[in-house]
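Engineer: For reference, the chains in residue letters:
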Amino acid sequence: MRNFWLLTKREWSERVWNRTFLWMLFIGPIICLLMLAFLFKAGDEGKKSINVLIVDPANLMDNRVMAQAEHEVHYYFIDDYVEIEEFRDGSRYQKFDAMVEINEKILINKKAFVFYRTNPSVDVKMQLKFQMERRIEELVVESFTNLSLEHFRRIKQPLIMDFRNVFDPKNESNDLESWVGFVFGALIFLFIGIYGMTILRSTAKEKSNRIVEVLLSAVKPRQLMMGKMTGIALAALFQILIWSLFIGLGLWIFRQTIFPDMLNPANWQGVQLAADVQSQVIATQEGLSSNPVLDLVYARIDYVWMSIHFVIFFIAAYYFYGAFFSMIGAMTGTESDGQQFVMPILLLLVFAILSGYMYIQYPDSTFAGWISYLPFTAPMVVMIQLAQGVPIESYYLIWIHLFIILLSAMLMLQIAGRLYKNGILQFGHRLRLTQIWRMFKS
Amino acid sequence: MLEINNLQKSFQRKIALDDISLSVGKGEIYGLLGPNGAGKTTLIRIINQIIEADSGTIRFNGQLMTQAHLAQIGYLPEERGLYKNMQVEEQLIFLAQLRGLTKKEAQRNVRHWLTKFGIEDWRSKRIESLSKGMAQKVQFIAALVHDPQLLVLDEPLSGFDPVNVELILTEMKELKANGKTIILSTHNMRSVDEICDRASLIHEAKKLAEDTVWNLREQHNQGEYLVRFKGNMIGFVNALWTDFELLGHEEIGENRFLAKLKMRGASQMNDLIHALVGKVELELIEKKLPSMQEVFIDIIRGKEEAHA
Numbered sequence: 002m003r004n005f006w007l008l009t010k011r012e013w014s015e016r017v018w019n020r021t022f023l024w025m026l027f028i029g030p031i032i033c034l035l036m037l038a039f040l041f042k043a044g045d046e047g048k049k050s051i052n053v054l055i056v057d058p059a060n061l062m063d064n065r066v067m068a069q070a071e072h073e074v075h076y077y078f079i080d081d082y083v084e085i086e087e088f089r090d091g092s093r094y095q096k097f098d099a100m101v102e103i104n105e106k107i108l109i110n111k112k113a114f115v116f117y118r119t120n121p122s123v124d125v126k127m128q129l130k131f132q133m134e135r136r137i138e139e140l141v142v143e144s145f146t147n148l149s150l151e152h153f154r155r156i157k158q159p160l161i162m163d164f165r166n167v168f169d170p171k172n173e174s175n176d177l178e179s180w181v182g183f184v185f186g187a188l189i190f191l192f193i194g195i196y197g198m199t200i201l202r203s204t205a206k207e208k209s210n211r212i213v214e215v216l217l218s219a220v221k222p223r224q225l226m227m228g229k230m231t232g233i234a235l236a237a238l239f240q241i242l243i244w245s246l247f248i249g250l251g252l253w254i255f256r257q258t259i260f261p262d263m264l265n266p267a268n269w270q271g272v273q274l275a276a277d278v279q280s281q282v283i284a285t286q287e288g289l290s291s292n293p294v295l296d297l298v299y300a301r302i303d304y305v306w307m308s309i310h311f312v313i314f315f316i317a318a319y320y321f322y323g324a325f326f327s328m329i330g331a332m333t334g335t336e337s338d339g340q341q342f343v344m345p346i347l348l349l350l351v352f353a354i355l356s357g358y359m360y361i362q363y364p365d366s367t368f369a370g371w372i373s374y375l376p377f378t379a380p381m382v383v384m385i386q387l388a389q390g391v392p393i394e395s396y397y398l399i400w401i402h403l404f405i406i407l408l409s410a411m412l413m414l415q416i417a418g419r420l421y422k423n424g425i426l427q428f429g430h431r432l433r434l435t436q437i438w439r440m441f442k443s
Numbered sequence: 004m005l006e007i008n009n010l011q012k013s014f015q016r017k018i019a020l021d022d023i024s025l026s027v028g029k030g031e032i033y034g035l036l037g038p039n040g041a042g043k044t045t046l047i048r049i050i051n052q053i054i055e056a057d058s059g060t061i062r063f064n065g066q067l068m069t070q071a072h073l074a075q076i077g078y079l080p081e082e083r084g085l086y087k088n089m090q091v092e093e094q095l096i097f098l099a100q101l102r103g104l105t106k107k108e109a110q111r112n113v114r115h116w117l118t119k120f121g122i123e124d125w126r127s128k129r130i131e132s133l134s135k136g137m138a139q140k141v142q143f144i145a146a147l148v149h150d151p152q153l154l155v156l157d158e159p160l161s162g163f164d165p166v167n168v169e170l171i172l173t174e175m176k177e178l179k180a181n182g183k184t185i186i187l188s189t190h191n192m193r194s195v196d197e198i199c200d201r202a203s204l205i206h207e208a209k210k211l212a213e214d215t216v217w218n219l220r221e222q223h224n225q226g227e228y229l230v231r232f233k234g235n236m237i238g239f240v241n242a243l244w245t246d247f248e249l250l251g252h253e254e255i256g257e258n259r260f261l262a263k264l265k266m267r268g269a270s271q272m273n274d275l276i277h278a279l280v281g282k283v284e285l286e287l288i289e290k291k292l293p294s295m296q297e298v299f300i301d302i303i304r305g306k307e308e309a310h311a
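In order, the protein sequences belong to chains A and B.
Numbering of the first sequence is given in the working numbering, commencing with residue 2 and proceeding in unit increments.
Numbering of the second sequence is given in the working numbering, commencing with residue 4 and proceeding in unit increments.
Bear in mind the hints are in silico, worked out from the structure with no lab data behind them.
Some hints could be false.
To be verified - A short, non-exhaustive set of chain A residues, derived as facing chain B with CB atoms under 7 angstroms:
hint : residue
1    : M2
2    : N4
3    : L7
4    : R11
5    : N210
6    : R211
7    : I212
8    : E214
9    : V215
10   : S218
11   : A219
Said to hold, decoys possible - Derived EDC-like pairs (lysine to aspartate or glutamate); straight-line CA-CA distance at most 20 angstroms:
hint : chain 1 : residue 1 : chain 2 : residue 2
12   : B       : K282      : B       : D246
13   : A       : K206      : B       : E81
14   : B       : K128      : A       : E15
15   : A       : K221      : B       : E92
16   : B       : K135      : B       : E92
17   : A       : K206      : B       : D246
Treat the numbers as computed from the prediction; the structure is a model and nothing was measured.
C-beta atoms are modelled at their ideal positions from N, C-alpha and C, and glycine is treated no differently.
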């Protein structure tokens, strides 16, 4: 055990006290933050001026929205039914960027669907919502109350407007929580890919500079393999920790300095809501802002919950995949050999990331069932499930997934240890599948 | 100190060691000789528990050898290897700790050896910045930094210049004087002649010979003598009887010759002296024992001829 920790410590030191690694501790988070800032900005962009078709078969709106319409949104009215497909594909509707469905119940349920072709900017969305809301208020007051409009506005509830893509009217694929899980899962596999290659290169290097023979005269091959893998895992976790801290700090600074207006409803452009309405908007909004990226980053991620599971599943998956990288590194005679044999493993990592996409798209398919139990892909699926929210009574399933990955990792480490032991002292050969089989048997 | 009994090792169909038995006594320098591919490195790796034997046993100080005994063994492999980006001192401390030393002990021993070899200035240098010979020295220190009882040295002299060869040979003698046991695998036969107490010869996975170096040379003695004298060569030849055969001679100075003779029958050195006294001025008579190089070649050729 003492030697295991000595090997782990040496490997950790070699990775961490390396100029490139130390630089990347700072440069990596800066790049991530720049990318996030870009996404925040991009999430706030869209068409600045749109033509909106109000489909109002009952003519409730009386062909008007509000007295002084803003020029960014141009309204057109039709007192007939228009199907989504008709709006989407019909040539007469192509000039409209969005369609607002007004049904008879709108005065009761205060809900309207807006089907858009391209997602409008936050400003435009807010204007549309505000102007529509004002008009509906007039109608509600007129139809159901004896109140004055001003009095009503003081006591009103905000209108919920559900923006939906015309190509995905049921809003099946726009589940932001799933994509949060996807990002966490993808990060697991990204780090496994990067640090798996480090295991392979480090093993191949110890072979090529022959230090391995000196080491093996003091420690067992399995100890050497595990020490190396653990040292590299600790370096990976250290990098993840430092990146998380820097990115967290960066996001906090963004919130305080660069993007405070985007996060504060009072500052949302183009809309001057009354103070009481603002508070209601904040209470009823699903997220913090109408910018989906800001929503994702600042409102929808339970960082503690996700981070704990991220670390647990990263460690389990790292040892599972790391066993493959280790054995390839130990068996190969030349570095080019290693690169060829590592291709299937890298493809598996890509497959795991793609499987996350497939799981989000088709969560009830047989394929989704399979990939949630395969150790190659389970970490991705689990992260998505956790982000979507796992009911407490089903939480044991997460531990079953973890148990499967850990069991598979232990099995792979057994096999890898055997191949490592038999391959590590063979030099300068061309690796063939028959040779791998012989190494496994002997 | 080390007893090896009936070791057998095969790699797939190739037999690497075939029923090898040998014993190395405490405080002995034991030469492990043999041509390339004979199985020496395999034997050394088995002693160091790097690979396992198919059958047979190794006893260390009377106990069946286990991983725990490795702390008492120092190993210098033929293929040298160090972490190139580590500093000399850091690397030696790491390797000493792997062999069971505490950090403090390791630091103390490393300083001692760096000073002893006169390379204390290198302690902060990275291995990649050292010349091959310098790195070899560091590797040699790595093998003995943990003060092992048994040193297994595979070609310890290769890569060293003559000055450093002398340094390493002297160090080995000193280690022996301090009671350390050394197993030396080498092709440098001069070192075997000079420092080994006993040796064994391995060829094609089998042990062909094992004895003290002196006995091995004696066993392959061809009955040859070297005679250095002053005088007349004709007088010298006339003095020899039929019991002596002149194999060759060379003039090494004015009226000074070095002659090579071979005894015939039961003649002894005393007979030779008796025959020459008064005929020439004798300066030296020496029984010419074969070098270990000649013993080595003799045994291998004998084996090959027996096969043919």
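Engineer: Confirm or reject each hint.
Structural biologist: Against the structure, the hints come out as follows:
no.	hint	in the structure
1	M2	violated (12 angstroms)
2	N4	holds (6 angstroms)
3	L7	holds (5 angstroms)
4	R11	holds (6 angstroms)
5	N210	holds (5 angstroms)
6	R211	holds (3 angstroms)
7	I212	holds (4 angstroms)
8	E214	holds (4 angstroms)
9	V215	holds (6 angstroms)
10	S218	holds (4 angstroms)
11	A219	holds (4 angstroms)
12	B:K282 with B:D246	holds (17 angstroms)
13	A:K206 with B:E81	holds (18 angstroms)
14	B:K128 with A:E15	holds (16 angstroms)
15	A:K221 with B:E92	violated (24 angstroms)
16	B:K135 with B:E92	holds (17 angstroms)
17	A:K206 with B:D246	violated (65 angstroms)
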